[in-house]
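Each chain, written out:
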Amino acid sequence: MIKQHPEPSLWLLFSAGGVLSAMLMPILLLLFGVAFPFGWVAAPSHAHMVALLGNPLTRVVLFALSMLSLFHWAHRFRYTLYDGLQIKHLNEVIAALTYGVAVVGSVVAGYILWRIP
Amino acid sequence: MSDSHVYTPYHPRWLRRRVSTYWWLEKWSYFRFILREGSCLFVAWFVLYLLLLVNAVRQGPDSYTRILEWSAEPWVLGLNVVSFLFVVFHAVTFFDAAPQALVVHIGRTRVPGRLVMAAHYAAWALASVLIAWLIVGA
Amino acid sequence: MADHITLQVARYRPEQQSDITFDEYEVPCPKEWVVLDGLNHIKDRLDGTLSYRWSCRMGICGSCGMNVNGEPKLTCATFLADYAPGPIRVEPLPNFPLIRDLIVDIGDFMQKLVRVKPWIVRQTEKPLSEGEYRQTPEELDEYKQFSMCINCMLCYAACPIYGLDPKFLGPAAIALAQRYNLDNRDEGASARMEVLSEHEGIWGCTFVGECTKVCPKNVDPAGAIQRYKLTAALESMKAFFMPRGS
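Protein chains in written order, with our numbering: chain A, 205 to 321; chain B, 6 to 143; chain C, 23 to 268.
It cannot be assumed that every hint is accurate.
[What the hints assert, rightly or not] Cut-off 20 Å, straight-line C-alpha distance, at most; resulting in silico cross-link-like pairs (PhoX-like, lysine-lysine):
no.	chain 1	residue 1	chain 2	residue 2
1	C	Lys166	C	Lys139
2	C	Lys166	C	Lys53
3	A	Lys292	C	Lys189
4	B	Lys32	C	Lys235
5	C	Lys189	C	Lys139
6	C	Lys239	C	Lys166
Think of the hints as simulated: they come from the structure by calculation, not from any bench.
Just chain A, same shape as in the assembly:
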């Protein structure tokens, strides 16, 4: 009987977050973070944004993106602190903080995306 470790599931979340963030973030960041502020393209109207966000599929995708990306960050950041800065004695604290932030962030994302209206 194999003892159940949390590592495999955390790694799967990390990978899924890595793929989703890699696929969706560059274009979103390019548009909202760079192209619109620089004025290369006109930003969409508020009404258009409301319409886009109104679609339940958009909200599901954005929630998945937020949650999985946060777990991707948590997992990677935790290992970087452990290996990069050799903070081994704080291992449990760091794990609790990083995954804790990911959980809280996911809840906040869910709230922002789905509170009425």
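Since the structure of chain A is already known, use the hints to place chains B and C on it.
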């Protein structure tokens, strides 16, 4: 394990050198690795930025306009430009590594690694075009 | 082109010193000479006290691994001419305890190798009367790359995770476990999973990728590890959702 051989892991005269805390500065490939890992910070920043954006849209046209103006402020703009570069770096390193982790078989033939990588890049291009069209095109 | 090159060779004599020092030697540099030829020249003609390991001098025994200008290399496969005009710094492989001069102790790896059961594990052995195990070329190709490992330890020397945490199972051990996991004659995947699934097993790896870069036999241990992470994670999901099934 046989009893005749005893392995002494900490022989007193063997030299064991401690790895420096700055091991990742000693080689360019190590530094590049830490940069790649560091890209996750910018991924997390974008989640925060995205949620701020969505929240602003929800709160009305004025909030939306204000966040667009805030995005044009030099430090936010600078941060987002750097974030964009890091997120692209993350995407490229992730897709380049995908064939090593994802070994796919169709029947008994193995799909070549290059195809797995190409499929990722194709999906990336498709998703980007679709999203861009949804936001600015339609 | 110069006909001599300087080798800065690390020396460690535990009875005389407490840390590494460097001795410099001028060795001839014909275009076909490798670093190992230079070391042999030093030992034969210049300084017989230099200690180092070597055997086949053709890249198959895995004995002569050392750091050449900071990179883990097989000294029998590293040409002096490529480093002209020099000097060339020759050091013992990092991340291992140093016994003397350029000789490191790899006992830790030998213990780990045994733990991953690098042999065909079967529930029941086929009796000889039933003939040989048959394997198609495609089935061979599944694990062939990982079978090329010569246990030279360059990957362990390059892996920062192993340097930081010597309990980490390490690239070669995991690649060799995969060599048997992917062999269709083997039935021992579940027997190896417990060792591989420990925190110091595959999950310690953060895919730096240095091991694959330095491997002289193109084993791609990093690929073996990531591939096994996916396998183990999916197995874990299956075990969680279907504890009695599958």
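Status of the hints after comparison with the structure:
no., hint, verdict
1, C:Lys166 - C:Lys139, "holds, 17 Å"
2, C:Lys166 - C:Lys53, "violated, 33 Å"
3, A:Lys292 - C:Lys189, "holds, 13 Å"
4, B:Lys32 - C:Lys235, "holds, 13 Å"
5, C:Lys189 - C:Lys139, "holds, 17 Å"
6, C:Lys239 - C:Lys166, "holds, 11 Å"
When the structure is compared with the earlier hints, a violation turns up for hint 2 alone.
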